[in-house]
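Colleague: Given the structure of chain A, go ahead and fit chain B onto it with the hints provided.
2 protein chains.
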Amino acid sequence: MAGLIDLSYTIEAGISSYPGDDELKLYKNRFLENDMYNDTKLETGMHVGTHIDVASHIMESDQLISDYPLDRFIGKGILLDVRGQKSICMKESYLDMVKENSIVLLFTGFESLFGSDTYFMDHPVVEEPLADFLVERRVKMIGMDLPSPDHYPFGIHKKLLGNDILIIENLKNLERLLAVDDFEIIALPLKIRAEASLARVVARI
Amino acid sequence: MAGLIDLSYTIEAGISSYPGDDELKLYKNRFLENDMYNDTKLETGMHVGTHIDVASHIMESDQLISDYPLDRFIGKGILLDVRGQKSICMKESYLDMVKENSIVLLFTGFESLFGSDTYFMDHPVVEEPLADFLVERRVKMIGMDLPSPDHYPFGIHKKLLGNDILIIENLKNLERLLAVDDFEIIALPLKIRAEASLARVVARI
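If you read the protein sequences in the order shown, they are chains A and B. Going by this note's numbering, the first residue of the first sequence is number 1, and it counts up by one from there. Going by this note's numbering, the first residue of the second sequence is number 1, and it counts up by one from there.
The set of hints was computed from the structure by calculation and includes no laboratory data. These figures come from a predicted structure and were not determined experimentally. Warning: the hint list may mix true and false statements.
25 Å max Cα-Cα, derived DMTMM-like pairs, lysine to aspartate or glutamate [stated by the list, open to error]:
{"hint": "1", "chain 1": "A", "residue 1": "28", "chain 2": "B", "residue 2": "35"}
{"hint": "2", "chain 1": "B", "residue 1": "25", "chain 2": "A", "residue 2": "60"}
{"hint": "3", "chain 1": "B", "residue 1": "41", "chain 2": "A", "residue 2": "23"}
{"hint": "4", "chain 1": "B", "residue 1": "28", "chain 2": "A", "residue 2": "62"}
{"hint": "5", "chain 1": "A", "residue 1": "25", "chain 2": "A", "residue 2": "117"}
{"hint": "6", "chain 1": "B", "residue 1": "25", "chain 2": "A", "residue 2": "22"}
{"hint": "7", "chain 1": "A", "residue 1": "25", "chain 2": "B", "residue 2": "181"}
{"hint": "8", "chain 1": "B", "residue 1": "99", "chain 2": "B", "residue 2": "181"}
{"hint": "9", "chain 1": "B", "residue 1": "140", "chain 2": "A", "residue 2": "43"}
{"hint": "10", "chain 1": "B", "residue 1": "25", "chain 2": "A", "residue 2": "43"}
{"hint": "11", "chain 1": "B", "residue 1": "28", "chain 2": "A", "residue 2": "23"}
{"hint": "12", "chain 1": "A", "residue 1": "76", "chain 2": "B", "residue 2": "182"}
{"hint": "13", "chain 1": "B", "residue 1": "28", "chain 2": "A", "residue 2": "22"}
{"hint": "14", "chain 1": "A", "residue 1": "41", "chain 2": "B", "residue 2": "21"}
{"hint": "15", "chain 1": "B", "residue 1": "28", "chain 2": "A", "residue 2": "60"}
Here chain A stands alone, though its shape is the one from the complex:
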């Protein structure tokens, strides 16, 4: 089974954003009949829909996402099935599963609640021992079908990003990877001078 699976939300007017973030706006502002071409204007922060955070999102750092080398965004994917856990814990089986330089995806099943208050305010969180393990194992990125791996005061964000593990938030379609043994993640942000970027995230089987 070869192919590409899209793990990204569609960016569209009305897409839900994290409480406190500006609403994304997307509207046509050039029209074929009058302007000879169509164009669409996007107004958004960088933390809406499927996106990647780097350290400067939440800590003092001069490094922007445009500064990262491309190989940080492509790597062997590992899916951890963490459905049913409100608090996502470390498990011994991960010692064998998770390799250095891999991209670890947490499948919680919370995609089904995308856009609801529960999705944004009452989502599962990553426990510190699991974050410590991922830091020690030196993975490239961690991704999840959640808006965040933690709540205020964002200790897990700081631990991961402070150790240069990037975070992919708001993934979808992770259930399609349950039956897949071997896949690569290609998670390309825009090359943008910002602390994060909207991204297209793809699993390649």
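Modeller: Below, chain B without anything else, positioned relative to chain A:
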């Protein structure tokens, strides 16, 4: 020689845009010291910097870039060295070089003029026989280190897009592919409901 080459311009405040397009705005609007995190706001049309056009940019079509399957954006890359041509013509050697489903890149060298009036207003154009050949050969996309393959009234745009060949505009670093025999292009747009998208375009060797 394995590796990844970034063919994308950095998206930053002040990046040059096509005459008549709105200027891209990029500015920080959440601040760690006051808001507990940093966020950056982007306001832009979809035709600034490195981006991909689909047919609805310039003709009547309901299909948006978010509707295209992912395999349209990934394929074997072919570099055509067309430096020194004001009018980029068909050549017999392309008959062997260009395969179905490939992604054809035109290297004009115009990157060195990026941002100037010459870059936007007096760039090389693709001749109709070359466009006809690419249509007949059924390539996936054509990319170039130019803002456009043509000028008003955009006959080459219409021929290519009307035959479902997508167009990647404003590529850079194409000279780095001159010495490369075999490479893949991964050109990922955002999954956005628009007639085009800013994109991260990568050559993988």
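Colleague: A separate judgement is required for each hint: does it hold in the structure or not?
Modeller: Comparing the hints with the structure gives:
Note on residue 28/A and residue 35/B: the hinted pairing is violated, with a Cα-Cα distance of about 31 Å set against a maximum of 25 Å. For a cut-off of 25 Å, the pair hint linking residue 25/B to residue 60/A stands: about 23 Å separates their Cα positions. This hinted pair checks out: residue 41/B and residue 23/A have alpha carbons roughly 11 Å apart, not beyond 25 Å. The suggested pairing of residue 28/B with residue 62/A holds, with an alpha-carbon distance near 13 Å, which does not exceed 25 Å.
For the hint linking residue 25/A to residue 117/A, the alpha-carbon distance of about 20 Å falls within 25 Å, and the restraint holds. Between residue 25/B and residue 22/A, the direct Cα distance comes to roughly 15 Å. Compliance with the 25 Å bound is thereby established for this hinted pair. Proximity of residue 25/A to residue 181/B is assessed by CA-CA distance (about 43 Å); at most 25 Å being required, the pair is judged violated. Annotation: proposed proximity of residue 99/B to residue 181/B holds, straight-line Cα distance about 14 Å (limit 25 Å).
Between residue 140/B and residue 43/A the CA atoms are separated by roughly 30 Å; this puts the pair beyond 25 Å, and the hint is violated. About 9 Å separates the Cα atoms of residue 25/B and residue 43/A, which keeps this hinted pair within 25 Å; it holds. Of the supplied pair hints, the one linking residue 28/B and residue 23/A holds, its CA atoms being roughly 15 Å apart against a limit of 25 Å. Distance check on the hinted pair: residue 76/A and residue 182/B sit about 22 Å apart at the alpha-carbon level, within 25 Å; holds.
Restraint check for residue 28/B and residue 22/A: satisfied, since their Cα atoms lie roughly 12 Å apart, inside the 25 Å limit. Distance restraint check for residue 41/A and residue 21/B: the Cα-Cα separation of roughly 10 Å lies within the 25 Å cut-off, and the hinted pair is therefore satisfied. A distance of roughly 14 Å separates the Cα atoms of residue 28/B and residue 60/A; the hinted pair therefore holds under the 25 Å criterion.
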